[in-house]
Amino acid sequence: VERMPRKELDQRFLVSMTDIKQDKLSIEDVPIVRHYKDVFPEDLLGVPPDRQVEFTIDLVPGATPISKAPYRMAPLELQELK
Numbered sequence: 007v008e009r010m011p012r013k014e015l016d017q018r019f020l021v022s023m024t025d026i027k028q029d030k031l032s033i034e035d036v037p038i039v040r041h042y043k044d045v046f047p048e049d050l051l052g053v054p055p056d057r058q059v060e061f062t063i064d065l066v067p068g069a070t071p072i073s074k075a076p077y078r079m080a081p082l083e084l085q086e087l088k
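Those letters in the sequence shown? Residues 7 to 88, by the numbering used here.
By construction, these hints were calculated from the structure, which means they are not laboratory data. Values in this document were obtained by computation on a predicted structure and should not be read as measured data. Cβ coordinates follow ideal geometry from the N, Cα and C atoms, glycine included. Accuracy of the hints is not assured; some may be wrong.
Estimated spans, in silico, between C-beta atoms of each pair [what the hints assert, rightly or not]:
| # | residue 1 | residue 2 | range |
| --- | --- | --- | --- |
| 1 | Gln17 | Lys74 | 42 to 48 Å |
| 2 | His41 | Pro81 | 38 to 44 Å |
| 3 | Leu65 | Glu34 | 40 to 46 Å |
| 4 | Ala75 | Asp44 | 44 to 50 Å |
| 5 | Glu48 | Ser73 | 37 to 43 Å |
| 6 | Glu48 | Val21 | 40 to 46 Å |
| 7 | Asp25 | Leu84 | 35 to 41 Å |
| 8 | Val59 | Glu83 | 32 to 38 Å |
| 9 | Leu20 | Val53 | 38 to 44 Å |
| 10 | Val21 | Pro67 | 47 to 53 Å |
| 11 | Ala69 | Lys43 | 46 to 52 Å |
| 12 | Thr62 | Pro37 | 30 to 36 Å |
| 13 | Val36 | Val66 | 37 to 43 Å |
Could you put the whole structure together from the sequences, leaning on the hints where they help?
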């Protein structure tokens with residue numbers, strides 16, 4: 007990375023664009039459905055509607071998150087290895 011000299015009126019912008027106009031999806035647009043046509047019924051009702059939150063996990067008030075490095079072994083295997 008090469009640094010450029012700063013000027014007094016130096017401005018930078020980061021722009022992210024998203025297409026908000028989407029075509030309506032159909033069941034045939036899902037590749038797995040196309041691949042397994044014989045498994046799915048002919049008259050599917052469509053894609054389920056978008057929902058906000060389907061479930062929540064209630065946390066204990068005042069509980070602190072566990073700070074432990076992730077490991078790739080079961081706890082018993084890790085203890086046996088140590």
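Could you work out which of the previously given hints the structure breaks and list their numbers from low to high? Violated hints (numbers, rising): 5, 7, 9 and 10; every other hint is consistent with the structure.
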